[in-house]
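Build out the structure end to end from the sequences listed, making use of the hints.
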Amino acid sequence: MLNVFLDSNIIYNNPFMDSGINKRLLDKIKQINGHVYITDIIYKEVIHNYVKKLEELNSDIDQLQTKINRTNIEMSFKNIDVIAEQKKLESRFNELVEHNYITILNTDSNLLNEVIERAIKKIKPFSENKEEFRDCLIWLTYVHKSESDNLKNCFFITNNTSDFFAKDKTSLHPDLLEDSKRFTIYKGLIEFFNLKQQLFDLGNFKNLKENFTFKFNDLYSDVMIKKFEYELEEYINKNNNLLSKYIFDLSETTDIKFESYDIRDENIISTDLNIESKTIDITGDLNIYLEVSIKRVNETICTVMNINAKFYCVKEIKIDQNTDEYFLEDDFLEFNIEDLDCTKLRSDDIDSYMYENYADAESNAEAERMDALENYYLH
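Under the UniProt record's numbering, the residue at position 359 of the sequence shown is numbered 359, and the numbers go up by one with no gaps.
Be aware that a few hints might be false.
Stated by the list, open to error - Below, computed lysine-lysine pairings styled on DSSO-like, alpha-carbon distance capped at 30 Å: (1) LYS167 to LYS187; (2) LYS152 to LYS44; (3) LYS78 to LYS88; (4) LYS226 to LYS169; (5) LYS88 to LYS28; (6) LYS52 to LYS67; (7) LYS30 to LYS44; (8) LYS52 to LYS78; (9) LYS23 to LYS52; (10) LYS44 to LYS187; (11) LYS187 to LYS28; (12) LYS88 to LYS53; (13) LYS88 to LYS30; (14) LYS152 to LYS23; (15) LYS145 to LYS167; (16) LYS187 to LYS145; (17) LYS227 to LYS310; (18) LYS169 to LYS87; (19) LYS181 to LYS169; (20) LYS145 to LYS88; (21) LYS28 to LYS152; (22) LYS53 to LYS23; (23) LYS87 to LYS30; (24) LYS87 to LYS28; (25) LYS145 to LYS23; (26) LYS53 to LYS78; (27) LYS181 to LYS167; (28) LYS152 to LYS53; (29) LYS169 to LYS187; (30) LYS67 to LYS78; (31) LYS23 to LYS87; (32) LYS30 to LYS167; (33) LYS181 to LYS23; (34) LYS53 to LYS67.
Stated by the list, open to error - Pairwise CB distance ranges, derived in the manner of DEER restraints: (35) GLU266 to GLU316: 20 to 30 Å; (36) LYS169 to LEU64: 33 to 43 Å; (37) THR161 to LYS44: 18 to 28 Å; (38) GLU114 to ILE83: 50 to 60 Å; (39) GLU316 to SER59: 50 to 60 Å; (40) MET1 to GLY188: 20 to 30 Å.
Hints are computed from structural coordinates only; laboratory data are not their basis. From the three backbone atoms N, C-alpha and C, an ideal C-beta is built for every residue, glycine too.
See below:
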């Protein structure tokens with residue numbers, strides 16, 4: 001699971017986080033059940049910065065209006081309702097929290113003594129030139145969260161290279177590593193996405209695997225199911241000597257026709273996720289109920305087959321570039337028949353025979369068809 005911790009400078013340009021790379025971050029992390037964290041300090045700072053920008057815009061509007069009023073041009077501009085816009089942004093954050101897109105961490109007041117001590121000793125994020133109380137409170141809040149919850153895959157995103165980065169400007173400052181070794185630091189979201197795409201893939205793949213319903217008929221498209229049916233028919237045609245084991249009076253066959261089949265039972269043995277090849281390998285058992293008519297020279301024998309088989313299939317994981325969503329696509333399917341039983345029926349019309357015997361329980365007709373297979377072997 002990915003845990004992303006943001007500095008306020010990552011949010012400033014799009015405080016609503018409803019477009020561009022900020023929205024992409026929220027969507028991707030939500031998609032893989034990860035977490036995005038900010039602190040209450042960052043939340044208040046983002047609100048304050050947004051209000052300040054709106055007030056500056058109102059000041060620009062007033063200045064422009066003053067200049068226009070000095071001319072003969074009749075034009076007026078309406079000031080921005082700063083309070084209303086502030087409430088919209090606050091509502092947006094409430095919505096993001098409510099729908100688990102972000103988590104706002106409260107700053108522990110007990111951190112104050114430690115912050116003061118670090119300020120005196122100039123331990124990062126403090127420096128000789130300035131005292132960054134707010135940076136220190138944010139960092140220690142993140143450290144406390146990651147350590148107390150034993151979080152893994154923690155990423156701190158900030159473009160404040162002077163206070164948080166080492167001299168190489170690519171890694172976390174040694175002072176901060178003393179607090180926690182759980183964090184990897186990045187200067188921006190683009191850098192983070194480019195270097196950690198495999199982690200996003202891993203999270204999406206696992207999520208896709210966990211939420212996919214592995215039912216044989218749902219695993220494959222009509223094309224692949226027809227391939228399965230064809231291979232099933234080919235197996236019976238190539239091994240029609242098996243039928244004589246159950247139907248003693250069977251002479252040379254001229255044609256074997258599939259009437260219908262149902263997968264009576266299935267058992268998924270394993271689903272293996274292969275990150276490198278971006279595939280899910282699935283193995284399982286099938287119990288297949290098959291109706292077949294064997295056409296001879298003067299007679300058509302209707303037969304019910306009960307087949308046990310193993311199947312192995314591969315689904316390739318793809319991504320829709322337009323929606324950024326992952327999906328499974330057909331790749332490979334094979335199955336191996338391990339056991340075959342046949343039942344020779346007394347009627348050419350299998351459906352009529354079954355329903356004549358079980359007409360009073362139509363709702364349970366399919367279940368009773370299965371019971372008939374077990375109790376009505378004629379050799």
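Check the hint pairing LYS187 with LYS145 against an upper bound of 30 Å on the C-alpha distance. holds, 21 Å
Distance restraint between LYS145 and LYS167, which requires alpha-carbon spacing of 30 Å or less: holds, 26 Å
Within 30 Å, alpha carbon to alpha carbon, are LYS52 and LYS78? holds, 18 Å
Check the hint pairing LYS227 with LYS310 against an upper bound of 30 Å on the C-alpha distance. Since the Cα atoms of LYS227 and LYS310 sit roughly 16 Å apart, the hinted pair holds (cutoff 30 Å).
Distance restraint between LYS88 and LYS30, which requires alpha-carbon spacing of 30 Å or less: holds, 22 Å
Quick one, are LYS52 and LYS67 close enough, alpha carbons at most 30 Å? Holds, because 23 Å separates the two Cα atoms, which is no more than 30 Å.
Below or equal to 30 Å on CA atoms is what counts here, so check LYS87 against LYS30. holds, 25 Å
LYS152 and LYS23 were given as a pair; does the straight-line alpha-carbon distance stay at or below 30 Å? Since the Cα atoms of LYS152 and LYS23 sit roughly 23 Å apart, the hinted pair holds (cutoff 30 Å).
Against the 30 Å threshold, does the CA-CA distance of LYS87 and LYS28 hold or violate the hint? holds, 27 Å
Given the hinted pair LYS152 and LYS44, is their alpha-carbon gap at most 30 Å? Holds. LYS152 to LYS44 sits at ~27 Å (cutoff 30 Å).
Given pair status - LYS169, LYS226, alpha carbons within 30 Å: Since the Cα atoms of LYS226 and LYS169 sit roughly 58 Å apart, the hinted pair is violated (cutoff 30 Å).
Straight-line alpha-carbon gap LYS30 to LYS167, limit 30 Å: violated, 34 Å
When each numbered hint is compared with the structure, violations occur for hints 4, 18, 28, 32, 38.
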